[in-house]
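Required output: the full structure, derived from the provided sequences and hints.
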Amino acid sequence: MRIVSGYVDIIAMRHPQSGAASEAARYTEVPFINAGDGKNQHPTQTLTDLLTIKSLKGTLESHTIGLCGDLKYGRTVHSLVKAMARYKNTKFVFIAPEELKMPDYIKEAIKGHAYYETNNLDDVIGSLDVLYMTRVQQERFEDKSEYERLKNYYILNKAKLEKHLKIC
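For the sequence shown, the residue numbers in full-length UniProt numbering are 1 to 168.
Under the rule of at most 30 angstroms between Cα atoms (straight-line distance), these lysine-lysine pairs were calculated in the DSSO-like manner:
(1) K160 <-> K101
(2) K54 <-> K88
(3) K101 <-> K57
(4) K88 <-> K107
(5) K160 <-> K144
(6) K160 <-> K107
(7) K72 <-> K91
(8) K88 <-> K101
(9) K39 <-> K91
(10) K101 <-> K39
(11) K39 <-> K82
(12) K160 <-> K91
(13) K72 <-> K144
Hint data in this document are derived by calculation from the structure and do not stem from the laboratory.
In structure tokens:
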């Protein structure tokens, strides 16, 4: 990293190992961007998500944010929840099957914000200001039959959207 930082003005790094970006950033002399590291975080995706929410909703405050799908392994949802917890009156709805629930360390990081957990998207979709869907990640499963059982747990289709859509 020290040698590379002598040739560039900025470094953006995506790495399959959790914590690799943080470690690499310690050895650079130029600004460093974590473009995703293993199962840990994905801050560049979060910046895009925040911009999208702000563009469509006008503000990042006072929203009920639904996160649906693979909440256990989804680094994009982990990063987004931590970022949205910085804004006033944010409420979270975590929608996942038992096997893919939001990890406790993320729930602990949002103390002071209300959150609700369910496995039923249909029960809560109408109360959401934002719905963030994630795929079930095949690469996170050692048991492929478990992946096959869960991969289509949540399907968001046109009919469901039209039934519950809130105009921005």
